[in-house]
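Asker: All chains should be built: construct the whole structure from the sequences, respecting the hints.
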Amino acid sequence: MEDKHQWPLYEVFVRARGGLDHKHVGSLHAADARTALGSARDLYTRRQEGVSIWVVPSKAIVASDPTETDSFFEPAKDKIYRHPTFYEIPDEVKTL
Amino acid sequence: MSASVKKVDAQALFRYVLRLGDLSLVLGQRLGEWVGHSPALEEDLGLANIALDLIGQARLLLSYAGEVEGRGRDEDKLAYLREQGTYLNPILAEQPNGDFGQTIVRQVLIDAFQLELYQRLAGSLDERLASIAAKSVKEVRYHLRYSAGWLVRLGDGTDESRARVQSAVDSLWPYTVELFAEDDLDSSMADSGIAPRLSEVYAAWSARLDAILAEATLQRPADRPHAWHGKRGQHSEHLGYILAEMQYLQRAYPDARW
Chain L
84 MEDKHQWPLY
94 EVFVRARGGL
104 DHKHVGSLHA
114 ADARTALGSA
124 RDLYTRRQEG
134 VSIWVVPSKA
144 IVASDPTETD
154 SFFEPAKDKI
164 YRHPTFYEIP
174 DEVKTL
Chain V
4 MSASVKKVDA
14 QALFRYVLRL
24 GDLSLVLGQR
34 LGEWVGHSPA
44 LEEDLGLANI
54 ALDLIGQARL
64 LLSYAGEVEG
74 RGRDEDKLAY
84 LREQGTYLNP
94 ILAEQPNGDF
104 GQTIVRQVLI
114 DAFQLELYQR
124 LAGSLDERLA
134 SIAAKSVKEV
144 RYHLRYSAGW
154 LVRLGDGTDE
164 SRARVQSAVD
174 SLWPYTVELF
184 AEDDLDSSMA
194 DSGIAPRLSE
204 VYAAWSARLD
214 AILAEATLQR
224 PADRPHAWHG
234 KRGQHSEHLG
244 YILAEMQYLQ
254 RAYPDARW
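Top to bottom, those sequences are chains L and V.
The first sequence lines up with residues 84 to 179 when you count with my numbering.
The second sequence lines up with residues 4 to 261 when you count with my numbering.
These are computed hints drawn from the structure, not numbers from a lab.
Just so it is clear, the structure is predicted and the values come from calculations on it, not from any experiment.
Please note that the accuracy of each hint is not assured.
Unchecked claim - Pair by pair, the computed Cβ-Cβ distance ranges are:
1) Y83(V) / Q131(L): 28 to 36 Å
2) L44(V) / E171(L): 49 to 57 Å
3) L44(V) / D148(L): 26 to 34 Å
4) A230(V) / Q131(L): 42 to 50 Å
5) Q131(L) / E130(V): 25 to 33 Å
6) L103(L) / E86(V): 26 to 34 Å
7) G39(V) / K177(L): 32 to 40 Å
8) H241(V) / A114(L): 29 to 37 Å
9) V145(L) / K138(V): 40 to 48 Å
10) Y83(V) / Q89(L): 51 to 59 Å
11) D104(L) / D102(V): 38 to 46 Å
12) K142(L) / Y251(V): 41 to 49 Å
Unchecked claim - Output of the computed footprint for chain L on chain V, the stretches with three or more beta carbons under 8 Å from beta carbons of chain L:
13) 48 to 59
14) 149 to 158
Stated by the list, open to error - Some residues of chain V that are not near chain L, with every Cβ distance over 10 Å (derived):
15) V11
16) G39
17) A43
18) E45
19) G75
20) Q105
21) R144
22) D162
23) E163
24) A166
25) V180
26) D187
27) R211
28) D226
29) R254
Ideal placement from N, C-alpha and C gives every residue a C-beta, glycine not left out.
Answerer: The following block contains the structure:
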């Protein structure tokens, strides 16, 4: 049962410039997605922080469980061969 | 600059620009009263943002008015050191905030007016007014998105929210007539290509309001003859209280700065 006395929570993502990723900047309460977008503009882009905003209902986010951190993330630790650090990089390649 | 602009009487242009500037100034001051009192933090910031946009417009317009007048009055002198009878905003702008719904209704009525006015003013033969309008129209388009969005949600909301905003529409509607009542000053500005015809602004505003009210499932009241003359400096008692608060600091500490 949803709490009718509190607007639902939305997570706000802002893209600082064209070409960059949207970054999570915070959250806010709003009656619906359209007002969430307006409030996100007023709260998080007051100082020209962005050129694009995403709002996502917080309840739509499925998060990993902190108690499962061991099984989720530990197994990657000893697989250093997955990091592309064993390649010789030619001098001509500048921007890698 | 076209020849027709040069013929315009400076005093008339001064008064016309004051009308525009005072509308933004008084409405911005009114909205500022919500800061710290809004129903939610998000709306507190939303309303404050709109208020600051309006104060910004007022600064540009009053600065220009002062230059046109040519008596050395800057934006601060015009905003803070005038008497009530020389403010030329329409009475609608000074109406009390009431509840959140009443503030939203007042905002929709004025946002739609400013949007239609500024869109046309951006093509003014007066280059300065045209550039101020071109900058402001982007702000006002957002203001209307905010206010109309809320009006739809409140109108098409619960029984109580709907009853409250319908009552606000009914009580504020008569004041809109003044916005479009074209007097000699408005006519002379339109004749010189400085301002649009108010009848044209009204037609666009009216269509916009019909659409918003329909979406909000609210009734449009009938127009009634108006007896409001804020544009000529005759105001309701409300403006006095606004000015008392707004002007207190400059009156008590002339030329105070920080």
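Asker: Hints first: check each against the structure and report whether it holds.
Answerer: Status of each hint after checking the structure:
Distance hint check: the CB atoms of Y83(V) and Q131(L) are about 29 Å apart, consistent with the given range 28 to 36 Å. At about 55 Å, the CB distance of L44(V) to E171(L) agrees with the hint of 49 to 57 Å. Against the hinted window of 26 to 34 Å, the Cβ-Cβ separation of L44(V) and D148(L) comes to about 30 Å, which satisfies the hint. At roughly 45 Å, the beta carbons of A230(V) and Q131(L) sit within the given window of 42 to 50 Å.
The hinted window of 25 to 33 Å between Q131(L) and E130(V) holds, with their beta carbons roughly 27 Å apart. Distance hint for L103(L) and E86(V): a CB-CB separation of about 53 Å, inconsistent with the stated range 26 to 34 Å. A C-beta distance of roughly 54 Å is found between G39(V) and K177(L), which places it outside the suggested range of 32 to 40 Å. The hinted range of 29 to 37 Å is satisfied by H241(V) and A114(L), whose Cβ atoms lie roughly 30 Å apart.
A C-beta distance of roughly 44 Å is found between V145(L) and K138(V), which places it inside the suggested range of 40 to 48 Å. Between Y83(V) and Q89(L) the CB atoms are about 41 Å apart, so this pair departs from the stated range of 51 to 59 Å. With their beta carbons about 42 Å apart, D104(L) and D102(V) fall inside the hinted range of 38 to 46 Å. Checked against the hint of 41 to 49 Å, the C-beta distance between K142(L) and Y251(V) comes to roughly 47 Å, which is consistent with it.
Counting residues of the region 48 to 59 of chain V whose C-beta sits closer than 8 Å to any C-beta of chain L gives 3, which meets the bar of three, so the coverage hint holds. Only residues whose beta carbon comes within less than 8 Å of a beta carbon in chain L count, and the region 149 to 158 of chain V has 4; three or more means the coverage holds. Non-interface call for V11(V) relative to chain L: holds, since the shortest CB-CB distance, roughly 37 Å, exceeds 10 Å. Residue placement check: G39(V) keeps its beta carbon more than 10 Å from all beta carbons of chain L (closest about 16 Å).
Its beta-carbon lying about 7 Å from the closest one in chain L, A43(V) breaks the requirement of being farther than 10 Å from that chain. With 10 Å as the threshold on Cβ separation, the claim that E45(V) sits away from chain L is violated: the shortest Cβ distance comes to roughly 4 Å. Distance check for G75(V) against chain L: the nearest CB is about 35 Å away, which clears 10 Å, and the non-interface claim stands. Its beta-carbon lying about 19 Å from the closest one in chain L, Q105(V) satisfies the requirement of being farther than 10 Å from that chain.
Here R144(V) stays apart from chain L, with its beta-carbon at least about 12 Å from theirs, past the 10 Å limit. Separation of D162(V) from chain L is adequate, the least Cβ-Cβ distance of about 15 Å exceeding the 10 Å criterion. Non-interface call for E163(V) relative to chain L: holds, since the shortest CB-CB distance, roughly 14 Å, exceeds 10 Å. With a cut of 10 Å on Cβ distances, A166(V) stays outside the contact zone with chain L, its closest approach being about 19 Å.
No beta-carbon of chain L comes within 10 Å of the beta-carbon of V180(V); the shortest separation is about 30 Å. No Cβ of chain L approaches the Cβ of D187(V) within 10 Å, the least distance being about 40 Å, so the stated non-interface status holds. The non-interface label for R211(V) is consistent with chain L: the shortest C-beta to C-beta separation is roughly 18 Å, beyond 10 Å. The beta carbon of D226(V) sits about 31 Å from the closest Cβ of chain L, which is more than 10 Å, so the claim that it is off the interface holds.
Even its closest Cβ contact with chain L, about 31 Å, leaves R254(V) beyond 10 Å, as expected for a residue assigned away from the interface.
Figure legend: structure checked against the earlier numbered hints; hints not met, in rising order: 6, 7, 10, 17 and 18.
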